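Protein sequences appear in the order of chains A and B. Following the numbering used here, the numbering of the first sequence begins with 1 at its first residue and continues without gaps. Following the numbering used here, the numbering of the second sequence begins with 1 at its first residue and continues without gaps.
Keep in mind that the hints are not guaranteed to be accurate.
Label-pair distances were calculated between CB atoms; the ranges are [stated by the list, open to error]:
#1 B:R112 / A:D380: 23 to 29 Å
#2 B:E323 / A:A297: 19 to 25 Å
#3 A:G171 / B:L244: 41 to 47 Å
#4 A:A432 / B:P113: 32 to 38 Å
Simulated from the structure, these hints should not be mistaken for lab results. Given the structure is predicted, the values throughout are model-derived calculations rather than measurements. The beta-carbon is built from N, C-alpha and C at its ideal position, and this holds for glycine as well.
2 protein chains.
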Amino acid sequence: MNAAVAILSVGDELVLGQIEDTNAAWLARALQAIGRTPGERRTVGDDRRALADALRALASTHAAVILTGGLGPTLDDLTREALLDVVSPGAALVEDEAGVEHLRGWFERRGRPMPASNLRQAMRPPAARLLANPHGTAPGIAAEAGACRIYCLPGPPNEMKPMFDNLVAPGLRDDANVVATAALHSIGLGESALAELLGELMVRGREPSVGTTASDGIVSIRVRATGAPDVARRALEETVAQCLSRAGSVVYGRDGEPLASVVGRMLAERKLTISTAESCTGGMLGSFITDVAGSSAWYVGGAVTYANERKIVDLGVPAATIEAHGAVSHETAIAMARGALARFETDLAIATTGVAGPGGGSEAKPVGTVYVAVARRDGDVFSRRFHFPGDRTTVRRRTAHLALACTRFLLLGEGARSLLWSEGEAVRVERA
Amino acid sequence: MNAAVAILSVGDELVLGQIEDTNAAWLARALQAIGRTPGERRTVGDDRRALADALRALASTHAAVILTGGLGPTLDDLTREALLDVVSPGAALVEDEAGVEHLRGWFERRGRPMPASNLRQAMRPPAARLLANPHGTAPGIAAEAGACRIYCLPGPPNEMKPMFDNLVAPGLRDDANVVATAALHSIGLGESALAELLGELMVRGREPSVGTTASDGIVSIRVRATGAPDVARRALEETVAQCLSRAGSVVYGRDGEPLASVVGRMLAERKLTISTAESCTGGMLGSFITDVAGSSAWYVGGAVTYANERKIVDLGVPAATIEAHGAVSHETAIAMARGALARFETDLAIATTGVAGPGGGSEAKPVGTVYVAVARRDGDVFSRRFHFPGDRTTVRRRTAHLALACTRFLLLGEGARSLLWSEGEAVRVERA
Chain A
1 MNAAVAILSV GDELVLGQIE DTNAAWLARA LQAIGRTPGE RRTVGDDRRA
51 LADALRALAS THAAVILTGG LGPTLDDLTR EALLDVVSPG AALVEDEAGV
101 EHLRGWFERR GRPMPASNLR QAMRPPAARL LANPHGTAPG IAAEAGACRI
151 YCLPGPPNEM KPMFDNLVAP GLRDDANVVA TAALHSIGLG ESALAELLGE
201 LMVRGREPSV GTTASDGIVS IRVRATGAPD VARRALEETV AQCLSRAGSV
251 VYGRDGEPLA SVVGRMLAER KLTISTAESC TGGMLGSFIT DVAGSSAWYV
301 GGAVTYANER KIVDLGVPAA TIEAHGAVSH ETAIAMARGA LARFETDLAI
351 ATTGVAGPGG GSEAKPVGTV YVAVARRDGD VFSRRFHFPG DRTTVRRRTA
401 HLALACTRFL LLGEGARSLL WSEGEAVRVE RA
Chain B
1 MNAAVAILSV GDELVLGQIE DTNAAWLARA LQAIGRTPGE RRTVGDDRRA
51 LADALRALAS THAAVILTGG LGPTLDDLTR EALLDVVSPG AALVEDEAGV
101 EHLRGWFERR GRPMPASNLR QAMRPPAARL LANPHGTAPG IAAEAGACRI
151 YCLPGPPNEM KPMFDNLVAP GLRDDANVVA TAALHSIGLG ESALAELLGE
201 LMVRGREPSV GTTASDGIVS IRVRATGAPD VARRALEETV AQCLSRAGSV
251 VYGRDGEPLA SVVGRMLAER KLTISTAESC TGGMLGSFIT DVAGSSAWYV
301 GGAVTYANER KIVDLGVPAA TIEAHGAVSH ETAIAMARGA LARFETDLAI
351 ATTGVAGPGG GSEAKPVGTV YVAVARRDGD VFSRRFHFPG DRTTVRRRTA
401 HLALACTRFL LLGEGARSLL WSEGEAVRVE RA
């Protein structure tokens with residue numbers, strides 16, 4: 001028996017790869033936050049016996065098991081039955097009165113008739129108890145198998161997460177020992193270049209440990225410390241400070257903070273507003289920005305100018321500019337940014353234009369060629385050409401991230417800016 | 001020894017839940033496509049022994065193991081060493097000349113000096129061979145452990161996927177037996193309501209099997225058939241046909257086809273163009289649309305009018321309308337759609353406005369209240385109020401999906417339209 005907490009994800013759609021399992025990673029993070037170590041992670045399909053076997057095996061080697069999925073109203077949801085086989089073999093599921101009330105109320109409040117099939121969701125093993133689900137029809141179920149606590153939660157993340165936080169975490173919290181982790185997010189340097197800056201901090205076996213991961217142009221530094229809360233947290237912060245001093249201004253945020261919210265905070269502090277002019281990103285940049293709650297304080301909106309006609313009419317890009325240099329060029333990107341600045345009357349404006357692929361590439365401008373321009377009210381415009389590897393989605397996501405990064409470096413001032421504007425990539429700067 | 005293929009994902013960042021593992025699900029799908037069954041799925045951290053132990057265990061019970069991750073240039077990338085411990089215990093890694101050439105060329109072509117650390121990526125166990133990686137610095141590694149074939153691929157999906165398709169799949173393909181799967185995607189009915197339509201098709205043990213999953217407003221019907229290629233594929237298509245006839249027009253696509261590309265095809269067939277006017281989605285709708293390669297044929301662009309001022313200036317929404325009914329209302333949504341129609345001169349225009357949260361909710365319009373309007377050139381405008389549960393991201397994603405769904409039902413005509421426009425939700429239709 002180890003103190004770790006196993007994570008069991010249930011569903012044919014997961015085993016077959018028909019949907020992504022985001023619950024397991026979220027739970028791993030949530031467990032560490034309360035001082036518990038993520039244990040074995042398994043994924044099983046909608047098979048009563050396979051599910052019961054996995055549950056039995058994990059329960060015999062872990063202090064607790066968090067199961068997600070298989071609590072839906074349909075016949076392929078078998079978590080209730082499998083849990084019964086493990087905690088009350090041979091018994092029958094019983095209908096939980098409070099559970100039935102919850103279901104009736106759920107549908108009544110929505111003025112919809114309750115499909116009979118939903119009643120299955122009020123069933124539980126005799127020895128178990130239901131966990132209230134304020135955001136969906138599926139209650140969770142808690143039970144014990146020997147010394148192991150088993151928590152079954154619904155699969156939909158928006159239902160599972162609050163249930164874990166409110167009903168599961170309090171019972172699992174361990175204040176004697178913690179796994180303290182930190183993630184420092186950077187953009188502007190490649191993974192190897194960043195690793196060279198971090199040097200021996202990344203040596204294996206070092207405590208706290210330091211590692212890096214890269215995704216869509218963002219390189220994250222992962223730090224991990226284990227031990228008594230105070231000791232681990234102090235060691236973590238010391239290593240974090242060392243990483244920060246070595247990596248420098250390419251680090252924009254910590255522990256999942258989105259690049260857009262960092263840029264937003266910088267804009268808010270400076271009382272500046274921004275607008276967007278998007279071609280190849282087609283709205284993704286605006287979407288990243290408005291993912292940030294409260295972004296209306298510094299983001300007014302923008303133009304998605306996918307067709308050249310829209311670039312000309314909505315942003316005032318001279319037709320001659322597109323004619324002469326192409327829609328994917330420094331000149332067009334700069335004109336788009338200046339057009340947005342004028343039209344939306346903001347202090348800054350970001351423009352993106354590029355060849356996202358799979359078609360549209362040429363010898364001079366292959367797929368992955370992207371121009372990002374940032375214009376400032378004082379008249380300066382910075383434009384940079386990038387060439388991103390990868391498919392259409394990757395190119396678009398990288399473009400949106402680097403557009404935000406360009407804005408951040410611009411706001412940071414010359415020193416940091418040079419980092420981004422001098423990496424062997426074509427750059428054009430226009431002064432008013 | 002079973003014929004299944006194990007999937008081993010490597011990286012502390014996965015175990016700790018710092019990043020999502022999308023490779024495992026993709027590989028599960030890719031394996032089925034070539035007639036192989038996904039076997040055990042494990043996730044291990046950057047620990048040489050744990051990695052070697054897992055590799056050894058999986059190799060002893062599976063016909064093949066696909067490992068992803070741990071091939072980077074940094075000291076926390078230990079897949080090469082762990083593979084050595086499994087296939088050539090006691091031996092040392094050797095430098096692969098072709099691998100070194102690949103790395104030198106990679107950096108030369110980018111006009112960058114090669115960090116010394118990257119040379120580690122050219123190392124391999126003596127008994128193994130490197131797999132060329134056209135899209136990154138990390139070569140893959142192939143080796144045998146007893147009767148099991150082991151393929152190690154880099155973690156970045158844009159590098160891993162083509163390497164699997166070109167270098168791994170050909171050797172694993174099984175034409176004697178297949179697992180045929182199909183996913184039918186629907187929007188407009190809840191999961192339980194759809195399940196009632198499918199009835200006994202969803203009974204456990206049925207072959208082919210039928211299940212449902214829901215995500216961001218989209219409910220997918222999963223069908224799976226196993227057996228000899230012809231038999232399985234015929235059985236699959238028969239069940240798919242039954243599902244389609246029962247579910248009706250709420251099914252919009254199959255096998256991952258995005259809703260936006262379906263709407264795009266309908267528009268292209270009808271030679272119609274569309275534009276977007278986004279408030280609460282802030283560009284996400286345009287981003288979903290432009291994720292579709294070739295969308296420029298039917299999508300010209302749109303306005304992200306996050307601030308009310310932008311709704312008034314860019315879309316001509318009367319200030320009095322916002323004053324009287326609020327920015328989140330049928331009236332404003334309808335004015336936004338009509339404004340986009342006029343400004344962008346398209347045949348249709350979609351508008352979104354809502355309270356994505358966490359703030360901004362009220363008694364009358366709680367967080368999750370969203371209005372979607374679709375205007376047609378003939379002057380008709382359809383507007384529907386939704387109330388979505390979930391967090392800011394969920395509300396925004398559902399809004400973008402339902403906005404596309406409203407457009408689809410509109411294009412399908414009255415019969416299908418009634419489905420979406422008569423579900424106990426407030427609807428307003430203005431005729432020219």
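Verification of the hints:
1. B:R112 / A:D380: 23 to 29 Å: About 28 Å separates the Cβ atoms of R112 (chain B) and D380 (chain A), which means 23 to 29 Å holds.
2. B:E323 / A:A297: 19 to 25 Å: The hinted range 19 to 25 Å holds for E323 (chain B) and A297 (chain A), with Cβ atoms some 21 Å apart.
3. A:G171 / B:L244: 41 to 47 Å: This hint holds: roughly 46 Å between Cβ atoms.
4. A:A432 / B:P113: 32 to 38 Å: 36 Å, holds
Consistency note: the structure conflicts with none of the earlier hints.
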